[in-house]
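Visitor: Given next are the chains, with one letter for each unit.
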Amino acid sequence: GQQVMQIPQYQHVQEGEDFTTYCNSSTTLSNIQWYKQRPGGHPVFLIQLVKSGEVKKQKRLTFQFGEAKKNSSLHITATQTTDVGTYFCAGPGGAGSYQLTFGKGTKLSVIP
Amino acid sequence: DVKVTQSSRYLVKRTGEKVFLECVQDMDHENMFWYRQDPGLGLRLIYFSYDVKMKEKGDIPEGYSVSREKKERFSLILESASTNQTSMYLCASIWTSGYNEQFFGPGTRLTVL
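In order, the protein sequences belong to chains X and L.
All residue numbers for the first sequence refer to the working numbering, where the first residue is 1 and numbers rise by one.
All residue numbers for the second sequence refer to the working numbering, where the first residue is 1 and numbers rise by one.
Simulated from the structure, these hints should not be mistaken for lab results.
Each hint should be verified, as a subset may be incorrect.
Some but not every residue of chain X turned toward chain L, in silico, with C-beta under 10 angstroms [what the hints assert, rightly or not]:
hint: 1; residue: V4
hint: 2; residue: H42
hint: 3; residue: T82
hint: 4; residue: T86
hint: 5; residue: P92
hint: 6; residue: G103
Pairwise CB distance ranges, derived in the manner of DEER restraints [said to hold, decoys possible]:
hint: 7; chain 1: L; residue 1: E62; chain 2: X; residue 2: Q9; range: 19 to 29 angstroms
hint: 8; chain 1: X; residue 1: D18; chain 2: L; residue 2: S7; range: 34 to 44 angstroms
hint: 9; chain 1: L; residue 1: E62; chain 2: X; residue 2: V13; range: 30 to 40 angstroms
hint: 10; chain 1: X; residue 1: I7; chain 2: L; residue 2: K70; range: 36 to 46 angstroms
hint: 11; chain 1: L; residue 1: G16; chain 2: X; residue 2: E15; range: 46 to 56 angstroms
The beta-carbon is built from N, C-alpha and C at its ideal position, and this holds for glycine as well.
Chain L extracted, bound-state conformation (with noise of 0.2 angstroms):
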C-alpha cells in the first residue's frame, strides 16, 4: 500500500515563528503536492513539485515556500506564520503514468497563536 507521512499530525505555533511542515512518501511518485483545507473552501492547491529541486506554485502560494531535496521528501516552509494560516494542511503523491489517483497523508492541523 501506497503510504504518505505527515511529520505531525497537531501544531501550535506562534504569530512570526518559522514553521516547517514534513511530508514523505514510499512509492518513489515523482508528483507531490502541499494543499490548504479551510471550511466552505474546499482543498487548495499551495505548491507542487514535479521532481526533485522542481517546484511550480499553485493557487494560494504567497506565505509559503516549499523544499524538495530528496524525491521522498516534500517540505512546506512558512516563513513567518500568521494567525490566518491557521489551517489543515494535506500532503498528497501521484504516480506519473496511468491513473492519476492522489495518495493524501494524515494532514497537519496548524494553528498559529
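Extracted from the complex, chain X is given alone in its bound form (with noise of 0.2 angstroms):
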C-alpha cells in the first residue's frame, strides 16, 4: 500500500531558528495535506496543496508540493515557542476515498 515518509522525527531548534520537516510519498499523490497537533491537543489541519510545484504562504509557514508530486515540505522561519507541536502530512489513501494515510510526524521543541 501507499506509503508516507516523513523526516525528521524529531527537531530541537533555538527560538528564531528555522525548521524544516520532509515528506516523501512511494506513489504520485493528487494532493498533500498539513496537519499540526499541539501537545494534549488533537491533530488540526493546516493546509492542502494539489498542484505540481505549488508553494503556499501562511505567515510564517512556507509548504511546498513537489514537481513529480511525490513530495512536500513544511518550512517555519523564525520559529517561536507557539510553534511547538508535531506537524504531520498526510496523502489519499486510495483512488476516490477520502482516506489519509498519514506520516508518523516530526516532533518539534522550540527552546526559548
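Since each chain comes alone in its own frame, lean on the hints to assemble the complex.
Guide: Okay, here's the thing in C-alpha cells:
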C-alpha cells in the first residue's frame, strides 16, 4: 500500500531558528495535506496542496509540493514557542476515497 | 464551526472488558474515521465508515469493531480489551466534496490494565 515517509522524527531548535520537515510518498499524490498537533491536543488541518510545484504561505509557514507530486515540505521561518507540536503530512489513501495515509510526524521542540 | 466530540477524554479499563468509544459530529459528514495514535507510529487507521451501517477496515482492524447506526455517531468497540490496546484514540470526520480536510475530535486516552 501507499506509504508516506516523514523526516526528521524529532527536531529541537533554538527560538528564532528555521525549521523544515520533509514528506515523501512511494506513489504520486493527487494532493497532500499538512496538520499540526499541539501537545495534548488533536491534529488540526493547516493546508492542502494540489498542483505540481505549488507553494503556499501562511505567515511564517511555507508549504511546497514537489514537481513530481511525490514529496512535500513545510518550512517555518524564525520559530516561536507557539510553533511547538507535531507536524504531520497526509496523502489520499486510495483512488476515490477520503482516507488519508499519514506520515509519522515530526515533533518540533523550540528552546526559548 | 465543525464539532467532533468523543465520549471520554480519559478511560481506564481492565483486560478482558468490553469497551465502547463514542464519537459524534454535528456537521452532517458522511465519512467518519477511527485512528489510534502511538509514539513513533503516528496515526494509524483502524476503521472508517462512508455511510450509515457501512464500514471498511483500515490498516489495523484486528481486535476492534465499529458501529454506525446514525449518521452523526460512529462507535469503536473493543470486544475484549488487551494491554496492547492502551493508546490514544482519535475520531475524525470529513466533508464528501471540496476540501478533504479531516476534522478531529479531542481524543480518548485509553489505558488497559
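Visitor: Now, for every hint given, state plainly whether the structure supports it.
Guide: Here's how the hints hold up against the structure:
1. V4: holds, 9 angstroms
2. H42: holds, 4 angstroms
3. T82: violated, 20 angstroms
4. T86: holds, 9 angstroms
5. P92: holds, 7 angstroms
6. G103: Holds - the Cβ of G103 (chain X) comes within 10 angstroms of chain L, reaching about 6 angstroms at its closest.
7. L:E62 <-> X:Q9: 19 to 29 angstroms: Given range 19 to 29 angstroms: holds, Cβ gap about 26 angstroms.
8. X:D18 <-> L:S7: 34 to 44 angstroms: For S7 (chain L) against D18 (chain X), whose Cβ atoms are near 41 angstroms apart, the range 34 to 44 angstroms holds.
9. L:E62 <-> X:V13: 30 to 40 angstroms: holds, 39 angstroms
10. X:I7 <-> L:K70: 36 to 46 angstroms: Once the Cβ atoms are compared, 41 angstroms apart, the range 36 to 46 angstroms for K70 (chain L) and I7 (chain X) holds.
11. L:G16 <-> X:E15: 46 to 56 angstroms: holds, 48 angstroms
The structure shown violates just one earlier hint, number 3.
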